[in-house]
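Generate coordinates for the entire structure from the input sequences, incorporating the hints supplied.
Going left to right, the sequence shown walks through residues 1 to 640 as full-length UniProt numbering numbers them.
None of these hints come from the bench; they were simulated from the model.
Take the hints with a grain of salt, since some may be wrong.
Unchecked claim - Below are the BS3-like pairs computed for lysine-lysine, each with C-alpha atoms no more than 27 Å apart in a straight line:
#1 Lys359 / Lys284
#2 Lys124 / Lys420
#3 Lys184 / Lys69
#4 Lys242 / Lys132
#5 Lys375 / Lys506
#6 Lys294 / Lys352
#7 Lys242 / Lys261
#8 Lys118 / Lys59
#9 Lys294 / Lys420
#10 Lys506 / Lys464
#11 Lys390 / Lys118
#12 Lys430 / Lys372
#13 Lys302 / Lys615
#14 Lys45 / Lys124
#15 Lys118 / Lys132
#16 Lys96 / Lys184
#17 Lys69 / Lys59
#18 Lys430 / Lys375
#19 Lys318 / Lys261
#20 Lys300 / Lys246
#21 Lys246 / Lys302
#22 Lys375 / Lys464
#23 Lys261 / Lys300
#24 Lys247 / Lys261
#25 Lys593 / Lys294
#26 Lys375 / Lys420
#27 Lys352 / Lys593
#28 Lys206 / Lys62
#29 Lys300 / Lys359
#30 Lys464 / Lys318
#31 Lys420 / Lys247
#32 Lys200 / Lys69
#33 Lys420 / Lys318
#34 Lys261 / Lys275
#35 Lys118 / Lys62
#36 Lys218 / Lys398
#37 Lys118 / Lys222
Unchecked claim - Beta-carbon label-pair distances, calculated as ranges:
#38 Gln141 / Ser550: 45 to 53 Å
#39 Lys284 / Leu128: 44 to 52 Å
#40 Gly534 / Pro427: 56 to 64 Å
Values in this document were obtained by computation on a predicted structure and should not be read as measured data.
Beta carbons: idealized from backbone N, C-alpha and C, even for Gly.
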Amino acid sequence: SSEHDLGEDIYDCVPCEDEGDDIYEDIIRVEVQQPMKMGMTEDDKRNCCLLEIQETEAKYYKTLEDIEKNYMNPLKLVLTPQDMEAIFINLEDLIKVHFNFLRAIDVSMMSGGSSLAKVFLEFKERLLIYGKYCSHMEYAQNTLNHLLANRDDVRQKEGWGPGQAPSRGHWSIPECTLKVQDGKFKLQDLLVVPMQRVLKYHLLLKELLSHSSDRPEKQQLKEALEAMQDLAMYINEVKRDKETLKKISEFQSSIENLQVKLEEFGRPKIDGELKVRSIVNHTKQDRYLFLFDKVVIVCKRKGYNYELKEIIELLFHKMTDDPMNNKDIKKWSYGFYLIHLQGKQGFQFFCKTEEMKRKWMEQFEMAMSNIKPEKANANHHSFQMYTFEKTTNCKACKMFLRGTFYQGYLCPKCGAGAHKECLEIIPPCKIGKGTRYRYGFPPSPGPKMVAVQNYHGNPAPPGKPVLTFQTGDVIELLRGDPESQWWEGRLLQTKKSGYFPSSSVKPCPVDARPPNSRPPSREIDYAAYPWFAGNMERQQTDNLLKSHVSGTYLIRERPAEAERFAISIKFNEEVKHIKVVEKDNWIHITEAKKFESLLELVEYYQSHSLKESFKQLDTTLKYPYKSRERSTSRTFTRSP
Numbered sequence: 001s002s003e004h005d006l007g008e009d010i011y012d013c014v015p016c017e018d019e020g021d022d023i024y025e026d027i028i029r030v031e032v033q034q035p036m037k038m039g040m041t042e043d044d045k046r047n048c049c050l051l052e053i054q055e056t057e058a059k060y061y062k063t064l065e066d067i068e069k070n071y072m073n074p075l076k077l078v079l080t081p082q083d084m085e086a087i088f089i090n091l092e093d094l095i096k097v098h099f100n101f102l103r104a105i106d107v108s109m110m111s112g113g114s115s116l117a118k119v120f121l122e123f124k125e126r127l128l129i130y131g132k133y134c135s136h137m138e139y140a141q142n143t144l145n146h147l148l149a150n151r152d153d154v155r156q157k158e159g160w161g162p163g164q165a166p167s168r169g170h171w172s173i174p175e176c177t178l179k180v181q182d183g184k185f186k187l188q189d190l191l192v193v194p195m196q197r198v199l200k201y202h203l204l205l206k207e208l209l210s211h212s213s214d215r216p217e218k219q220q221l222k223e224a225l226e227a228m229q230d231l232a233m234y235i236n237e238v239k240r241d242k243e244t245l246k247k248i249s250e251f252q253s254s255i256e257n258l259q260v261k262l263e264e265f266g267r268p269k270i271d272g273e274l275k276v277r278s279i280v281n282h283t284k285q286d287r288y289l290f291l292f293d294k295v296v297i298v299c300k301r302k303g304y305n306y307e308l309k310e311i312i313e314l315l316f317h318k319m320t321d322d323p324m325n326n327k328d329i330k331k332w333s334y335g336f337y338l339i340h341l342q343g344k345q346g347f348q349f350f351c352k353t354e355e356m357k358r359k360w361m362e363q364f365e366m367a368m369s370n371i372k373p374e375k376a377n378a379n380h381h382s383f384q385m386y387t388f389e390k391t392t393n394c395k396a397c398k399m400f401l402r403g404t405f406y407q408g409y410l411c412p413k414c415g416a417g418a419h420k421e422c423l424e425i426i427p428p429c430k431i432g433k434g435t436r437y438r439y440g441f442p443p444s445p446g447p448k449m450v451a452v453q454n455y456h457g458n459p460a461p462p463g464k465p466v467l468t469f470q471t472g473d474v475i476e477l478l479r480g481d482p483e484s485q486w487w488e489g490r491l492l493q494t495k496k497s498g499y500f501p502s503s504s505v506k507p508c509p510v511d512a513r514p515p516n517s518r519p520p521s522r523e524i525d526y527a528a529y530p531w532f533a534g535n536m537e538r539q540q541t542d543n544l545l546k547s548h549v550s551g552t553y554l555i556r557e558r559p560a561e562a563e564r565f566a567i568s569i570k571f572n573e574e575v576k577h578i579k580v581v582e583k584d585n586w587i588h589i590t591e592a593k594k595f596e597s598l599l600e601l602v603e604y605y606q607s608h609s610l611k612e613s614f615k616q617l618d619t620t621l622k623y624p625y626k627s628r629e630r631s632t633s634r635t636f637t638r639s640p
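Written out as structure tokens, the structure reads:
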């Protein structure tokens, strides 16, 4: 980014910047000769910069010590450990780091300051703890204000003579204030100083670098400047993520029936009212949508809360515009589609205005480019969006992957981490095909396509290997932009991969067979599954399940009925029965969630509560009845 943008980025996270700067200048001010006076040599100016770094660091360290001695130690007697941590965060750790940092600066200055850049580079990792300090700063100020407003013993000041302790045996915050620089600065002011300081380092180094053009350490100074800019942006991103997670947590508590943690879906992009039509059931419905990097969550408004209706995974969809509707003058007629890449149910969304539609489509595009970046497979890598537990450096630019979750991309084959903008320039993946994945998971398989015509290499893809196939062959899509003429894929029969015209294939259903060759659910033999009971009457099912624990279930056949299958589940003290509907090649227990097979439906409700469809039934399919029968028969001798 440009220098201007970088400056904006770095200072993004400083609250009340001007006021904070005034306090910082007052506290850290040192009498250094201004390096810009007439007649000074570059060397004089450089020495002034060095001196300013050293003396302001000493003054800063003294301020940290003042806070510890005059606030932290006395207030330990009156505040709980939780309040202490909320207000002072990790200040004790900052003090330890800066004790060593100042010492290293002093040592460097004794030998002329030429090794100062090295000191900053060595301390970069240790200064990461400012991420925690700065991101908790707002909460610290709020806690402090709350205590001052509500606790007399923390707020009141006694009339006592110089050098005397208050008669109540502990100090209040205003009393502590009088001991620091004659009461000139309140604790609220002092707590902002560490954040101001850490965001000043890159400015101090920039000034020093501008007067070191003929110095041998110039290159190292440049690296130190980049390191401090990187640190400032890291701190900013940690603070931003803290605010994002707070927002996600508010969403989480307002959506009913939600069984998953929203932060697993990445960052929220946009939310609001849209009308939604699923391409299967054709009715336009009022819905409230939350778009994240990985999914769009479709809800129905319910007072101040939302009822979950659908979670749509963006990885398996592409977005296309619907230009026709824009000519319609009615409201809610500006539409676009989400098309499923494997031919499953798609969705049409309608916005109130053209501007709103543009906004939503932009955000969908950004989200999709975050989970499927264009260069994810550059240089044989398989990059995926990833949350790094420890602070990690980008393999290409060596700068931090910033923030606290989904900070960048990981190649599970070789373990390299990267920024999205650096994917293209990462050195080639060291691990070839067929090797074990370092992070334990392979890249997700691509969508399956079925060939609609023979392709023998004519026309040929420009400068790329050819993949030949015949009509009806199934191809796993490895790379395919909807706009591109050429796609890359792997033929499932032979495992060969290469490029082919995108027009020669179409999406095919999940189990990799064209629709006409897929057997309907009733022709599949489910006998091997521990949940399948075959042909069983309702009364017999009740007798069988009522002795089992809540959550035990079975799927039974009902040959005389229109609905071939039913789910029977023991919930609390009752056995409940749910009809399974088969219609238009789909299978479901509620119109809102459709599946291609009974197996897919069962697997879904093993991890999602049935209350998504039936409010009173808050349980997943927990225990298949056959596995419960086996474990019970091992434990008890049952009478016939």
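Each hint, compared with the structure:
{"no.": "1", "hint": "Lys359 / Lys284", "verdict": "holds (21 Å)"}
{"no.": "2", "hint": "Lys124 / Lys420", "verdict": "holds (23 Å)"}
{"no.": "3", "hint": "Lys184 / Lys69", "verdict": "holds (17 Å)"}
{"no.": "4", "hint": "Lys242 / Lys132", "verdict": "holds (9 Å)"}
{"no.": "5", "hint": "Lys375 / Lys506", "verdict": "holds (24 Å)"}
{"no.": "6", "hint": "Lys294 / Lys352", "verdict": "holds (24 Å)"}
{"no.": "7", "hint": "Lys242 / Lys261", "verdict": "holds (16 Å)"}
{"no.": "8", "hint": "Lys118 / Lys59", "verdict": "holds (21 Å)"}
{"no.": "9", "hint": "Lys294 / Lys420", "verdict": "holds (15 Å)"}
{"no.": "10", "hint": "Lys506 / Lys464", "verdict": "holds (21 Å)"}
{"no.": "11", "hint": "Lys390 / Lys118", "verdict": "holds (24 Å)"}
{"no.": "12", "hint": "Lys430 / Lys372", "verdict": "holds (22 Å)"}
{"no.": "13", "hint": "Lys302 / Lys615", "verdict": "holds (14 Å)"}
{"no.": "14", "hint": "Lys45 / Lys124", "verdict": "holds (25 Å)"}
{"no.": "15", "hint": "Lys118 / Lys132", "verdict": "holds (25 Å)"}
{"no.": "16", "hint": "Lys96 / Lys184", "verdict": "holds (26 Å)"}
{"no.": "17", "hint": "Lys69 / Lys59", "verdict": "holds (15 Å)"}
{"no.": "18", "hint": "Lys430 / Lys375", "verdict": "holds (17 Å)"}
{"no.": "19", "hint": "Lys318 / Lys261", "verdict": "holds (24 Å)"}
{"no.": "20", "hint": "Lys300 / Lys246", "verdict": "holds (22 Å)"}
{"no.": "21", "hint": "Lys246 / Lys302", "verdict": "holds (22 Å)"}
{"no.": "22", "hint": "Lys375 / Lys464", "verdict": "holds (17 Å)"}
{"no.": "23", "hint": "Lys261 / Lys300", "verdict": "holds (19 Å)"}
{"no.": "24", "hint": "Lys247 / Lys261", "verdict": "holds (13 Å)"}
{"no.": "25", "hint": "Lys593 / Lys294", "verdict": "holds (19 Å)"}
{"no.": "26", "hint": "Lys375 / Lys420", "verdict": "holds (8 Å)"}
{"no.": "27", "hint": "Lys352 / Lys593", "verdict": "holds (26 Å)"}
{"no.": "28", "hint": "Lys206 / Lys62", "verdict": "holds (24 Å)"}
{"no.": "29", "hint": "Lys300 / Lys359", "verdict": "holds (21 Å)"}
{"no.": "30", "hint": "Lys464 / Lys318", "verdict": "holds (25 Å)"}
{"no.": "31", "hint": "Lys420 / Lys247", "verdict": "holds (24 Å)"}
{"no.": "32", "hint": "Lys200 / Lys69", "verdict": "holds (25 Å)"}
{"no.": "33", "hint": "Lys420 / Lys318", "verdict": "holds (20 Å)"}
{"no.": "34", "hint": "Lys261 / Lys275", "verdict": "holds (25 Å)"}
{"no.": "35", "hint": "Lys118 / Lys62", "verdict": "holds (23 Å)"}
{"no.": "36", "hint": "Lys218 / Lys398", "verdict": "holds (19 Å)"}
{"no.": "37", "hint": "Lys118 / Lys222", "verdict": "holds (11 Å)"}
{"no.": "38", "hint": "Gln141 / Ser550: 45 to 53 Å", "verdict": "holds (48 Å)"}
{"no.": "39", "hint": "Lys284 / Leu128: 44 to 52 Å", "verdict": "holds (50 Å)"}
{"no.": "40", "hint": "Gly534 / Pro427: 56 to 64 Å", "verdict": "holds (57 Å)"}
Of the numbered hints listed earlier, not one is contradicted by the structure.
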